[in-house]
Amino acid sequence: MEVLPLLIGISLAILAVAVWLFFRMSNSGQFDDTEGPARRILMDDDRPNGEMPPIPAEGKAAPSRQMPSH
Amino acid sequence: MADACFHCGEPVPPHTRWTTEIDGIAQPMCCIGCQSISQAIVLAGATAYYRQRTTPGLDVATLESLAPWSSLLNDPQWTAQHVETCASTQDQRHSIARTTLAIEGLRCGACSWLIEKLLAKTPGLITARANASSARLFLEWDPDQITLNRIADRISAIGYAIVPIGSAALDTARRDTDRVSLRRLFVAGLSSAQIMMYAYPEYLEGNTLDDDIRALMRTASMLITLPVVLYSARPFFDSAWRLLRHRQLGMDIPVSIGLLIAFGASMGAWWTNSGEVYFDSVSMFVFLLLGTRWVESRIRYRASMQRDRLATLPPTLANRVAPDPGSIPAWTLRPGDRVRVSSGERVPADGILQSPATDIDNAWLTGESLPAPIQAGSRIYEGAINLGPSIEILIDTEVAHSTLAKLSQLAEQAASDRPDWVGWADRIGARFTFAILVLAIGHVSLSIAVGVSSQQWLPSLIAVLVVTCPCALSMAGPAAYAAALARLLESGVALSTSRTIERLTRVTDCVFDKTGTLTNPLNSTVRMDFGSDELWPRVFAIARESQHPLAIAIAAQAQRHMDSTHHAAPSGSIEATQVAGLGISARCNGQTLQLGALRFVDPSGTARQLAHDFPSATVFLAIDGVVTAGFSIDDVPRPHAQQLVGMLHRHCRTVWCVSGDRKERVMALANKVGIPLARSRWEFTPEEKRAEVKQLQSNGCVVLMIGDGLNDAPVLAQADVSIAVQTAAPLARQKADIYLLRPGLQGISVAIEVCQKAKHLLNQNLVWALGYNLVVIPFALAGAISPLTASIGMAASSLAVVLNSARLLR
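Going down the list, the protein sequences come from chains S and D. Taking the numbering used here, the leading residue of the first sequence gets 62, the next gets one more, and so forth. Taking the numbering used here, the leading residue of the second sequence gets 22, the next gets one more, and so forth.
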């Protein structure tokens, strides 16, 4: 059973690396939003790749609400 | 029968027909604004948004009221604080600007996708990353190729509003706190997963293990438990310390004691390589508890974000009269400007009162909603509400300066109303655990007195303490609340704190506001009972100056008339003054028009005969003092109103209806929805409504108030639990405990049902956790509980609590 201390030591080292990696990755902000990315993969794009979505009219702030008419 | 707008969920006004073709079906839209937004979305090839979204879009009224905030993007002070510019790393000649914007309406994953997709491939934009949980949009762009304003225009065109982040420092602090919580959870989780590997040899082969192997395993367990206790469990120790300092009782105190004892005893056993170690229980305990609370706080955060107080406050607009007259954002005011503040409006900035005396409401500053008289020449402060006639104020402060600072302050204040964790469940749990501790100490003292050796009582003492470690007990509350909050959010109900769940179940009386809450004024039909049709254009001109639902309905009818007879609204400027709760008066083309309640337009009572002849008329028009027209507005109760009242009666709650409207109309509506006459009140001013609630409370009732904020804000604040409907004014949403995210009253039935179930669930969880403890203690005292059994017991009881709570989600 001499190999056991070695194995335990390696497992502890791996754990330490895992924790360090996680801390570094959470700094980049990728774990800030845990719901968005999950939803995003479900979304389809109706346009073939490469085509740019049309730009809505420039200078328009918010569309204004008018009184209803026929 | 009104449809709902496909985009924003608002009811489609009758006799209109705006549609957008989405996925081959012509979907109804409530106005041209929603139509153009949805068309922009379809044109961009993003109809997947409609298929995947979980919340409705922002309605155009909200968008318009928030639109002036985007002018803040031009303010150099704001830019200096919020936009960071630096040289690009790739190309020293170009620079990169970055900022994070708060986006109102960015509520679900589909929204993030939509915004990112629309901004993608904009020339000059380098990165756009939307975060639906925090409603933030991170942008990086090349300032030489595109300006922030152009980016903002694109965002507004698809129906999102840009609002200032109140306090950038607070935002960063909140984000950092979230990150730290996740890290703590990760460490505890990794540790408790791994520690089983080290603990199992001892569990399985305990007696045949060599001493040094056992020591090795225990050392490994100890090493990975150390960071859990020193880092992950810090929040428990900090909170326990805080509770002790305030001499309060809370779950975190026994949790901390249990952790420290279990860990300390295990350290002792490790050092001497004898006895039992409980490192795995410690790790697992911390992980389970952190996990439940983390889930609960994420859901609560999502709910609170849906009703974020600061973001949805429309910007303060000031009505400047000199030097350049116009309606402008308050932060652009300069010292020396004169502004007019009409009746019922807020003062936009500090200054000196120029007009003769008036009354103001300083609730913003002092918290008291009492009118205070003020004389010409005195200082009047930003945020005060003018209760008297229209006044003029000379501004003498640097408003831009203080606006940003104030936003910051407000944001920090709002964030510091943190929900207090020590609820009823907590206190029960804490008391019970203390009883256990006392029992354990008593047992030990007895054993010592009787002469039992420490070899015998120490392990069983530790076993008792570990096994009654309040894992399930301290999870009982958060698990039930988390499930309830999630269920409620799914049904379109956002709560501000978890304690509202408990309070809602204790409500005895429900008070409904009539107009806007039980009824949807936009659905009412307006009839001119007397008066000539040629008055409609003038009616339109004055009615559209007011935001009161009755005025909006009248203006809508006037517009219809004008369209069908091809009349135009009278030209010429209109100067309108609104008097809260009574009506609106205006000067137009040399005539004085008044629109409102009878006692407002006809104070002398000369038109009493007319009112008698036309009893159904509620709103009157007077021109130059003579009553010339009367309108009746049919109240149509909201579809769900009757069922809701019936349900409340079945649950033995007393239902009231309180309104400022006339007796006949209140009676008619109360009849339609099933509220007994004895419990309807009419012609009440907001102050009288508040007094009524206070009266009920002094009789020992727990009052739930449901309103829409227009004239309701003080009553909502007075009630024990307040619900603001979706169409509520921003101030009401801010103050209410519960905010309905969807139009209609269904949310209220759901809220009551879910909170009831949550209360039962909480009781079940507590009974189970307490029962489990009671059963297990005798075994622990007898020495029959090994560490393995203890950790299995802890896991099983916690799992039971969580699974039970999850039943609420079905």
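No lab work stands behind these hints: they were computed from the structure. Heads up, the beta-carbon is just placed ideally off N, CA and C, and yes, glycines get one too. Hints should not be assumed to be uniformly reliable.
Only part of the chain S face toward chain D is listed, based on derived beta-carbon distances under 7 Å [unchecked claim]:
1. W81
2. D94
3. R101
Some but not every residue of chain S turned toward chain D, in silico, with C-beta under 8 Å [claimed, not checked]:
4. L65
5. P66
6. V78
7. A79
8. L82
9. F83
10. F84
11. S89
12. F92
13. D93
14. A99
Comparing the hints with the structure gives:
no.	hint	verdict
1	W81	violated, 11 Å
2	D94	holds, 4 Å
3	R101	holds, 5 Å
4	L65	holds, 6 Å
5	P66	holds, 6 Å
6	V78	violated, 11 Å
7	A79	holds, 6 Å
8	L82	violated, 10 Å
9	F83	holds, 5 Å
10	F84	holds, 6 Å
11	S89	violated, 10 Å
12	F92	holds, 6 Å
13	D93	holds, 6 Å
14	A99	holds, 7 Å
Hint compliance for this structure: hints 1, 6, 8 and 11 are not met, and every other hint is.
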